[in-house]
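Visitor: Can you build the whole structure from these sequences, using the hints too?
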Amino acid sequence: MYDRLMNRIQELDSRSVALVGSGGAGVVTVGNLLLEAAAADGSYGLMRRSAGPQIRGGESAALLRFADMPVECAGDYYHLVIAFDWRHAERFIDEIPLAASSCVLHDPAGGDVPEPIVQSGARLIPVEMQTQAKEIEYGRANMIALGLVSSITGLKLETISKTVSRSLSTKGENVVAGACACIERGAKMGRSLDIELPMPIAQGGTEDRWTITGNQACGLGALKGGVRFVAGYPITPASEMLEWLAPRLARTGGCLIQAEDELASVNMILGASYGGVPAMTVTSGPGMALMTEGIGLAVASETPIVVIDVMRGGPSTGIPTKSEQTDLNIALYGMHGEAPHVVVAPVSIPDSVFTLQWAVNLAESLQTAVIVLSDQLLAQSRVIVNRPPDIGFITRRVTAQAGVENYRRYALTADGVSAMAIPGTIDMSYTADGLEHDERGTPSTGSRDHLQQLEKRAGKLIGFDYGDHWADVEGDGTIAVVTWGSCTGAVKEAIRRAGEQGVPVRLIALRLLAPLCTQQLNQALEGVRRVLVVEQTFSRQFYHYLRSQVDLPKFTESLARPGPSPLSPGEITAMLLVGEA
Amino acid sequence: MYDRLMNRIQELDSRSVALVGSGGAGVVTVGNLLLEAAAADGSYGLMRRSAGPQIRGGESAALLRFADMPVECAGDYYHLVIAFDWRHAERFIDEIPLAASSCVLHDPAGGDVPEPIVQSGARLIPVEMQTQAKEIEYGRANMIALGLVSSITGLKLETISKTVSRSLSTKGENVVAGACACIERGAKMGRSLDIELPMPIAQGGTEDRWTITGNQACGLGALKGGVRFVAGYPITPASEMLEWLAPRLARTGGCLIQAEDELASVNMILGASYGGVPAMTVTSGPGMALMTEGIGLAVASETPIVVIDVMRGGPSTGIPTKSEQTDLNIALYGMHGEAPHVVVAPVSIPDSVFTLQWAVNLAESLQTAVIVLSDQLLAQSRVIVNRPPDIGFITRRVTAQAGVENYRRYALTADGVSAMAIPGTIDMSYTADGLEHDERGTPSTGSRDHLQQLEKRAGKLIGFDYGDHWADVEGDGTIAVVTWGSCTGAVKEAIRRAGEQGVPVRLIALRLLAPLCTQQLNQALEGVRRVLVVEQTFSRQFYHYLRSQVDLPKFTESLARPGPSPLSPGEITAMLLVGEA
Amino acid sequence: MTNPQEIATKAEFLAHAFALEQESVDRYEELADAMDTHNNMEVAGLFRKMAEFGRKHAAEVERLAAGSDLPTLEPWDFKWVEDEGPETGDYADIDYMMTPVQALQFAVANEKRSRDFYGLVASHSPNKTVRQLAGEFSQEEAEHVTLLERWITRHGSDTAIQDDLDPPNIVD
Amino acid sequence: MNPLPGKSQPKDYKSDVKPVWCPGCGDFGVLNAITKALASLRLPPEQVALISGIGCSSRVPAYTNVYGFHGIHGRALALGAGLKAARPDLHVVVAGGDGDGFSIGGNHFLHACRRNMDMTYIVMDNEVYGMTKGQASPTTAPDWTESELTPSGTHARPFQPAAIALAAGATFIARAFSGKPNLLAQMMVLAMQHPGFAFIQVLSPCPTFRPEQKEWKNIVRPFAVDALPTSDPALAALHCQRDDGMSTGVIYVEARPVWRRSNMQEIAIEDIEQEFRL
Amino acid sequence: MNPLPGKSQPKDYKSDVKPVWCPGCGDFGVLNAITKALASLRLPPEQVALISGIGCSSRVPAYTNVYGFHGIHGRALALGAGLKAARPDLHVVVAGGDGDGFSIGGNHFLHACRRNMDMTYIVMDNEVYGMTKGQASPTTAPDWTESELTPSGTHARPFQPAAIALAAGATFIARAFSGKPNLLAQMMVLAMQHPGFAFIQVLSPCPTFRPEQKEWKNIVRPFAVDALPTSDPALAALHCQRDDGMSTGVIYVEARPVWRRSNMQEIAIEDIEQEFRL
Ligand SMILES: Cc1ncc(C[n+]2csc(CCOP(=O)(O)OP(=O)(O)O)c2C)c(N)n1
Ligand SMILES: Cc1ncc(C[n+]2csc(CCOP(=O)(O)OP(=O)(O)O)c2C)c(N)n1
Ligand code: SF4
Ligand code: SF4
Ligand SMILES: [Mg+2]
Ligand SMILES: [Mg+2]
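Protein chains in written order, with our numbering: chain A, 1 to 581; chain B, 1 to 581; chain C, 1 to 172; chain D, 1 to 278; chain E, 1 to 278.
Everything labelled a hint here was simulated from the structure, so no lab data went into it.
Errors might be hidden in some of the hints.
Just the calculated beta-carbon pair ranges, DEER-fashion [claimed, not checked]:
| id | chain 1 | residue 1 | chain 2 | residue 2 | range |
| --- | --- | --- | --- | --- | --- |
| 1 | E | Glu-266 | D | Arg-256 | 53 to 63 Å |
| 2 | E | Gly-153 | A | Glu-526 | 50 to 60 Å |
| 3 | D | Arg-260 | A | Gly-172 | 36 to 46 Å |
| 4 | A | Glu-526 | D | Gln-265 | 46 to 56 Å |
| 5 | A | Glu-500 | B | Pro-553 | 35 to 45 Å |
| 6 | D | Arg-260 | A | Lys-171 | 34 to 44 Å |
| 7 | A | Glu-500 | B | Glu-405 | 53 to 63 Å |
| 8 | D | Arg-256 | E | Ser-262 | 36 to 46 Å |
Every residue, glycine too, gets a C-beta built ideally from N, C-alpha and C.
Guide: Written as structure tokens, this is what we have:
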């Protein structure tokens with residue numbers, strides 16, 4: 001069954017290339033150059049990296065996939081692997097599945113090909129990269145590899161050279177010349193091999209295409225949403241977003257503070273937001289755990305904040321460099337007491353721009369905490385995509401104007417949102433409080449005040465009109481996949497493949513995880529007889545969450561697998577087709 | 001419907017007495033004395049207190065209930081109210097429901113009787129306590145009240161005097177003499193009123209009865225379970241448990257540290273437990289929020305710890321002095337990543353002894369974190385109960401002996417529990433780690449190691465035999481109430497009342513909340529057509545949790561109400577009888 | 001700390017007199033509120049009464065000052081005998097269970113300090129008008145002292161603060 | 001009477017919320033001083049924000065008429081720093097207790113001192129956790145055995161707020177007594193005028209759990225050292241080390257550049273988007 | 001060579017786990033010194049526990065042959081304190097980085113100093129967050145602009161570990177350089193022999209993110225002050241304040257009672273239960 005499926009997969013017009021090497025082989029550099037060059041030639045693509053535990057000189061792999069349409073996930077297997085050496089290959093070999101049709105170009109100087117690779121049945125071709133590079137002044141094996149790939153995939157040599165020259169320009173002329181010579185040598189070597197894997201080229205111009213990572217996309221979305229204050233504490237895999245934001249906030253009239261810890265980060269943004277400035281913090285699991293008390297304060301004091309959790313493998317320090325969706329529970333339920341808040345998640349890298357913009361908007365409009373769940377896979381992958389559309393939102397923080405008589409900060413209103421006086425507003429001072437309070441904000445232990453304020457804080461989220469953004473719903477048919485976050489890419493591809501096999505499947509990729517739009521979800525599930533819930537967790541967190549809130553059809557299955565490897569479209573397709581096709 | 005029910009309730013043989021006063025009136029002292037005296041005379045009883053926001057001199061109420069069997073919850077209304085004054089009575093008047101048959105003895109010097117009390121239809125009897133007390137040297141109004149209650153309820157004057165003399169002995173002879181004179185005066189005044197509320201007296205001797213609070217019971221259970229190290233940071237309503245434990249740990253060869261914060265507390269107990277000493281921390285919601293990262297480390301590093309969360313009103317700082325069950329979510333789901341752990345909750349004050357003993361045992365046997373959910377209602381109420389039985393557990397921490405070859409701390413075993421080498425054991429040193437690791441404990445990012453260790457940590461909890469302790473299951477019938485924690489008392493009484501009305505109802509009071517014993521629960525629900533899920537939350541946390549894990553019968557209702565007032569047996573009975581009787 | 005003796009102009013003197021009364025009013029109001037909050041109504045009432053007296057006196061000073069331009073002094077720039085105004089009393093002398101007698105004793109001490117403050121000015125100020133005015137004020141404060149002392153005798157000698165038999169509340 | 005227009009009477013800075021503080025609590029004196037200082041500085045209430053954590057002392061914001069945030073235990077300085085960074089135009093005053101500031105909040109205290117943002121931090125030090133019923137705080141003497149939680153004392157050297165502020169880099173350090181609101185107000189004015197992080201440790205008695213502190217009024221005295229305030233950290237350290245903690249006055253004042261956000265050339269978001277183009 | 005039986009060679013204290021540290025990292029020197037110090041003290045490995053947080057430096061426990069706990073970021077001192085309190089018989093050494101110890105872990109540092117438990121704390125200070133790719137740490141100079149996170153520097157005064165340890169109450173304070181493992185080992189021996197909380201700040205270069213620290217070997221020198229080590233806190237403060245942070249040596253040693261658990265008369269749990277009887 002699975003094998004039959006694998007065969008079909010080959011027909012998809014995409015090319016997956018893995019570059020593997022250790023000790024400063026420069027695979028990531030080649031990967032980036034390749035992505036850029038292919039993009040310039042008109043391909044869409046995606047690259048992620050996998051690395052060993054060392055900070056420098058460790059083993060690493062650049063994992064790329066190209067297609068004639070935006071790529072949202074890794075493929076099922078790699079068409080081409082270029083290996084400089086195999087040191088500690090066991091650390092990521094699981095992440096590079098091969099088919100019998102795959103080609104593995106390996107430098108014989110890099111040692112014996114590992115057993116799992118041999119057993120895959122892939123074609124193994126020894127290619128001397130190291131020694132060839134040595135013959136060239138300023139030559140490096142990775143540039144030989146770049147030449148090899150470009151000729152095999154039919155990339156324009158001119159584009160490659162331009163890309164390389166631009167990116168190496170600071171290193172000096174000699175380096176550039178050496179690199180170009182290597183590329184040519186590699187290209188020649190490539191032409192002599194009988195492998196052809198022409199790069200899929202998309203129609204249309206490339207003017208409106210972007211190259212962006214998920215971390216950057218989140219950062220951009222936050223800026224577009226209006227965030228002008230960020231406090232954060234470095235943590236993998238979120239630090240890069242903070243690093244991207246720091247200078248750009250300074251340039252847009254905002255400010256970023258590196259806080260002493262995550263407790264400070266979340267409280268700093270509470271302060272900034274109380275001051276009227278949309279504010280955000282960015283972290284990953286361990287930092288998230290330290291922030292929940294502050295998030296609870298945001299909820300209780302109705303101070304808008306955005307918290308991005310770029311998820312990594314857990315529990316505890318876990319696997320900082322790998323992806324997982326296992327912070328769903330803490331994001332939904334991690335606060336003590338009743339602390340209703342919003343949880344959203346981008347369904348793709350470019351969607352991160354929109355989702356963050358929306359998240360800021362929701363936080364401001366609803367005066368609550370919005371948690372955004374990104375993950376390492378989205379955050380640290382780089383894609384070539386169409387420029388994400390500009391979206392304008394109208395709702396904004398409801399503020400109180402000077403001179404309102406008898407101002408009540410936590411007044412009970414029809415929509416549960418009450419006007420917030422921003423410090424500086426004359427005669428409207430009030431004290432924000434995390435103690436339960438009455439409408440004025442004065443602490444109260446009365447059951448009436450408690451119930452009213454609980455209802456207010458929960459009601460404003462439930463009653464809000466989230467429009468169509470709550471989920472990406474596509475297709476029809478009587479089978480549906482319900483998924484979220486970075487799994488969406490693989491699910492989409494699986495659905496396309498199932499469709500090609502005559503099995504139409506609906507997609508429901510939730511962008512709004514909490515509050516769950518149960519009515520809309522039920523509607524989207526109308527007429528569905530079979531549901532597959534797809535997520536990257538061990539304990540089926542998402543599946544259990546859905547169960548807790550809605551009645552799923554009897555025939556509901558869960559496809560859950562923990563990290564570190566992402567789910568492949570193939571395994572999802574297989575599960576979809578079982579008993580159907 | 002509800003009214004009819006209220007009438008029936010009166011036939012229950014219990015007496016509820018509320019004492020109300022402000023500004024150092026001494027209502028808590030009288031409450032305690034009354035409880036003790038009634039206990040000495042042979043009654044069972046329960047007392048809780050409610051107070052205003054001031055630290056001293058505020059308004060407070062002592063709320064008591066007596067019966068001829070152990071009392072596990074407040075009644076539906078109060079038979080007798082003694083009010084020294086009505087200052088800020090609105091702050092807790094909701095907590096003192098009255099029936100038309102109730103008697104309210106109030107000091108006319110204390111101001112007008114508040115409207116809601118008047119409207120209850122209760123009999124209002126002015127009684128001069130203040131002025132009477134002034135006539136007696138060292139006289140105090142609260143002792144007049146004690147005399148009043150004792151004559152109305154038929155308590156032996158002799159017992160009262162003995163109790164008072166003992167408890168006031170440190171204050172000097174004059175004070176004792178004054179108090180006794182007041183009691184006599186009060187008793188005389190009481191006899192002149194035509195009210196009779198004879199105290200229900202239980203059969204049998206009082207030798208084997210205890211007076212204990214929930215905080216003390218938890219502390220005792222922990223000591224009995226073997227806890228010999230506690231670190232904690234003061235927080236309402238948990239501090240008293242720490243205060244009870246501190247000297248007693250020192251006396252049992254253990255040690256308690258007041259930590260600088262909750263982050264330190266949880267990490268300190270990790271250190272102690274790593275050193276082989278069963279260890280625990282105690283906190284409430286806000287502190288719990290700060291501990292989840294440490295709890296995750298306990299799970300990942302497989303270091304046994306016990307964390308007690310004495311729940312209070314939330315979110316954020318919330319309502320520190322009032323009870324709620326709203327930390328269920330954070331206890332179940334508050335950790336980032338996949339961090340399977342155990343959550344238990346005592347179903348009554350005396351059960352706290354057992355539950356804590358069990359909790360320590362589970363933590364040690366399973367090498368994981370055990371969270372215990374107590375709440376303000378259990379913790380700060382004082383009861384007269386039968387001495388809780390002694391329970392001996394056999395399972396203990398599996399430790400590694402010196403000289404094991406090739407020791408693997410995180411070895412995969414049949415039951416998922418691997419031997420832990422305690423520092424000091426020769427040649428067995430290892431490094432505990434919160435990073436994902438292989439069997440030896442060496443950090444690993446491999447998908448195989450990750451999956452194996454995830455399965456190990458989850459599997460050991462699922463596979464464990466929790467015996468009958470997972471829940472208190474009682475009765476049969478086709479209706480069942482599923483509940484937990486402090487709601488159990490009121491539910492039990494409601495079930496008894498429903499039974500008296502010819503409607504048999506099953507009780508399923510969960511003691512083990514996670515992992516949920518789904519099989520046992522399904523079995524306990526066999527033949528049930530209607531389920532009522534009872535909890536003290538706003539968002540129905542418990543109900544949603546159950547849904548997420550098991551298929552509940554179609555006819556499942558949820559009775560959820562947030563704090564601060566506890567659920568009353570009457571409202572539960574009413575819900576049970578709707579459409580049944 | 002500077003000395004009351006140096007108060008040299010009528011405007012300066014009146015500024016002091018006004019501040020003395022105003023601070024006293026504010027303090028008594030605050031204390032009355034605190035007693036109110038802590039349900040010691042009797043003492044709360046007494047403090048309110050004291051505040052009322054202060055208000056009357058402040059109004060008198062205001063009348064006297066009508067038309068003149070009083071200097072604006074920072075709280076720490078006044079020439080009191082101590083660092084604090086004479087009629088504010090020490091927070092530490094307050095207890096929520098204090099008896100009316102103790103409250104009156106607190107007030108007497110305040111009045112005495114005022115009396116002495118004015119007395120110092122009356123006998124030492126270089127300015128005659130000031131000396132004369134201060135003398136009158138001192139006289140008036142002395143009368144308050146006598147009045148309050150009479151109240152104390154009337155109230156009896158119950159000065160022992162009762163124990164609060166109940167433990168403090170834990171509030172968080 | 002008051003010749004200046006606008007709000008400049010201390011009572012104009014008080015709210016109508018009645019303190020829950022025990023009568024006799026030192027925190028009343030601090031509230032009193034805050035209102036006096038704000039009145040002296042003629043600060044419009046809407047331009048002042050008073051931020052606190054949790055504890056008896058931390059209740060202070062609601063009792064004033066300025067903007068307030070009664071946050072969570074130990075995090076007031078972080079909240080205040082975020083507010084000040086985002087709204088440099090506001091006057092930010094942070095206030096709280098010794099437990100809030102030196103126990104759970106100790107880390108933020110260290111880093112606030114280092115960062116030297118232009119704000120004022122007032123700690124009402126009663127050497128006890130008032131709100132949670134009288135446990136030892138970091139400033140409590142090690143042999144204080146009145147708390148059941150530490151029945152034989154804390155066994156730990158008391159936290160020395162001024163010495164630590166100095167080592168951490170605070171640029172204005174003072175100690176005061178709540179029983180002298182006028183002097184305290186004067187010190188607050190200096191602190192608020194000081195460009196940078198100004199820290200005032202206010203000895204503020206808790207008569208309920210530390211009745212012996214009623215004696216403080218007879219013990220506190222001004223620093224008997226002419227050299228203070230100094231701008232020499234070594235000298236300040238010397239006097240902090242030598243003092244018994246009961247001397248009051250401004251100890252240390254340093255002119256160090258105040259934390260400020262980096263001002264880069266402003267650009268539009270559209271310009272930033274350019275970087276993603278191929 | 002070694003006349004004593006059993007484990008007393010430095011290499012006997014090394015495990016077979018290979019460090020992930022970059023070649024050239026100063027932390028190798030610290031590991032080297034730890035094994036030398038343990039060998040010198042002839043400490044049986046099973047009686048030593050090495051506790052750490054998260055960071056490159058915090059990886060050290062697994063590279064030794066003693067009991068280890070690689071905990072979570074910033075909490076090593078708390079974990080170590082719990083272990084020491086529960087198991088006073090063990091030798092507890094806590095180790096980590098400047099980020100771990102002074103940024104997120106700053107509060108535990110303060111309170112560990114105060115508490116004066118009998119343990120040793122080694123901070124490998126490279127003035128940077130190595131593990132997360134080179135951000136500024138509390139000890140980083142304010143004008144260091146190499147991190148994208150703080151492109152115009154941190155604007156904050158560097159954290160002064162020795163001065164803060166002193167103000168907080170540490171009873172043994174020293175500074176060392178990882179490039180001199182023998183000297184460092186000697187200092188560690190003194191620290192471990194010191195009864196109470198002993199703190200060593202080890203300047204430990206990060207060639208990857210702070211290549212300029214390769215120069216440290218030419219800059220560090222012993223304190224040029226005869227008076228050190230001193231037991232006079234004022235004098236120690238003076239020298240801490242005057243030094244540029246690059247002088248090495250033991251700075252301060254104080255004989256103060258060590259934290260110890262209260263020993264009360266032992267009773268059985270059954271006796272405790274008596275108190276609940278009516
Ligand atoms: C995270 C957290 N831990 C503990 C508490 C409980 N708590 C409230 S106030 C307080 C201590 C207050 O002491 P301090 O700051 O000195 O203030 P004081 O009451 O003495 O003015 C504590 C421990 C809390 N609210 N939150
Ligand atoms: C709660 C939490 N926040 C952030 C991180 C990310 N993190 C890991 S190591 C580190 C800093 C390490 O710096 P340092 O302690 O100086 O060690 P070095 O790597 O320089 O030796 C950070 C911020 C984390 N693991 N946990
Ligand atoms: S308990 Fe102490 S600190 Fe708290 S209000 Fe009362 S006197 Fe003040
Ligand atoms: S990054 Fe720096 S601190 Fe980390 S191992 Fe490399 S050199 Fe050492
Ligand atoms: Mg305090
Ligand atoms: Mg470092």
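Visitor: Could you run down the list of hints and mark each one as holding or not?
Guide: Each hint, compared with the structure:
Judged by the Cβ atoms, the range 53 to 63 Å given for E/Glu-266 and D/Arg-256 holds: they are separated by roughly 55 Å. At roughly 58 Å, the beta-carbon separation of E/Gly-153 and A/Glu-526 lies within the given 50 to 60 Å, and the hint holds. At roughly 38 Å, the beta carbons of D/Arg-260 and A/Gly-172 sit within the given window of 36 to 46 Å. The hinted window of 46 to 56 Å between A/Glu-526 and D/Gln-265 holds, with their beta carbons roughly 54 Å apart.
Evaluation of the 35 to 45 Å hint for A/Glu-500 and B/Pro-553 yields a pass: the beta carbon distance comes to about 42 Å. Our hint of 34 to 44 Å for D/Arg-260 and A/Lys-171 holds, since their Cβ atoms are close to 36 Å apart. Between A/Glu-500 and B/Glu-405 the beta carbons are some 56 Å apart, a value that agrees with the proposed interval 53 to 63 Å. One distance hint, 36 to 46 Å for the beta-carbon pair D/Arg-256 and E/Ser-262, holds here, with the actual separation near 44 Å.
Every hint from the earlier list agrees with this structure, and none is contradicted.
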